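S.K.: Quick note, the sequences are listed as chains A and B, same order. First residue of the first sequence? That's 324 in the numbering used here, and the numbers climb one at a time after it. First residue of the second sequence? That's 27 in the numbering used here, and the numbers climb one at a time after it.
Just so you know, these hints were derived from the structure itself, not from any lab.
Pairs of lysine-lysine residues, derived as DSBU-like cross-links and limited to a Cα-Cα distance of at most 35 angstroms, are as follows:
(1) A/LYS429 <-> A/LYS390
(2) B/LYS43 <-> A/LYS429
(3) B/LYS83 <-> B/LYS41
(4) B/LYS37 <-> A/LYS429
(5) A/LYS379 <-> A/LYS365
(6) B/LYS43 <-> B/LYS83
(7) A/LYS365 <-> B/LYS41
(8) A/LYS429 <-> B/LYS41
(9) A/LYS379 <-> A/LYS429
(10) A/LYS365 <-> B/LYS43
(11) B/LYS83 <-> B/LYS37
(12) B/LYS37 <-> A/LYS365
(13) A/LYS390 <-> B/LYS83
(14) B/LYS83 <-> A/LYS429
(15) A/LYS390 <-> A/LYS365
(16) A/LYS379 <-> B/LYS83
(17) A/LYS379 <-> A/LYS390
(18) A/LYS429 <-> A/LYS365
(19) A/LYS365 <-> B/LYS83
Chain B regions said to be covered by chain A (calculated; three or more residues, Cβ under 8 angstroms):
(20) 68 to 74
(21) 130 to 140
Because the structure is a prediction, the values reported are computed rather than measured. Beta carbons are placed, not taken as given, at the ideal position from N, Cα and C, and that holds for glycine.
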Amino acid sequence: QKEVEQNSGPLSVPEGAIASLNCTYSDRGSQSFFWYRQYSGKSPELIMFIYSNGDKEDGRFTAQLNKASQYVSLLIRDSQPSDSATYLCAVNRIAGGSNYKLTFGKGTLLTVNP
Amino acid sequence: GAGVSQSPSNKVTEKGKDVELRCDPISGHTALYWYRQSLGQGLEFLIYFQGNSAPDKSGLPSDRFSAERTGGSVSTLTIQRTQQEDSAVYLCASSIGGTGANVLTFGAGSRLTVL
Chain A
324 QKEVEQNSGP LSVPEGAIAS LNCTYSDRGS QSFFWYRQYS GKSPELIMFI
374 YSNGDKEDGR FTAQLNKASQ YVSLLIRDSQ PSDSATYLCA VNRIAGGSNY
424 KLTFGKGTLL TVNP
Chain B
27 GAGVSQSPSN KVTEKGKDVE LRCDPISGHT ALYWYRQSLG QGLEFLIYFQ
77 GNSAPDKSGL PSDRFSAERT GGSVSTLTIQ RTQQEDSAVY LCASSIGGTG
127 ANVLTFGAGS RLTVL
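Work the whole structure out from these sequences, hints included.
M.R.: Encoded structure:
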């Protein structure tokens with residue numbers, strides 16, 4: 324089983340719709356969960372992170388975490404063509420008193436159609 | 027510096043040659059990561075440095091790959107006897123470290139092409 328799994332897509336949504344991106348992870352010790360966005364030919368950039376079960380909202384973005392189901396998702400409301408990118412899910416845990424390595428999924432390609 | 031700086035941005039080399047890739051992290055960041063991203067693929071973890079602790083080298087794909095971090099700051103990733111399958115973008119990232127949110131800031135990457 325892969326450590327962090329994402330549907331590779333492409334996920335295509337019309338402008339203004341809600342885009343839902345999903346991620347599952349295998350390590351039950353994972354404690355921090357991150358969503359990065361990567362435009363073609365560019366480096367990943369952080370969108371948001373979440374620690375606790377439930378929802379965390381930041382503007383048009385909402386991260387949802389369910390540790391019991393080992394599932395984290397990202398919702399993008401009012402999707403814009405500029406949101407078209409690959410979205411990377413990443414998880415890590417703390418071991419030995421410090422952060423452990425951050426493990427990434429392969430990413431989901433999102434296309435928002437005007 | 028203001029951001030994570032990587033050099034060179036592009037490197038073309040012949041099979042069998044050695045290459046060195048450099049990363050200068052954000053000042054004060056104690057954690058430094060190297061990842062590799064092949065065309066259309068996700069980020070493959072290579073190595074992780076955290077302060078003065080022994081690095082986590084578990085992602086290095088072979089003994090041709092090595093990395094060091096001098097003085098807790100600049101890091102160099104060395105690939106010996108390069109092979110065509112080493113062609114990829116090598117991304118460096120740094121974070122504050124410790125037990126807070128492990129928010130990584132990435133550099134622009136070094137694109138390696140092995141002919």
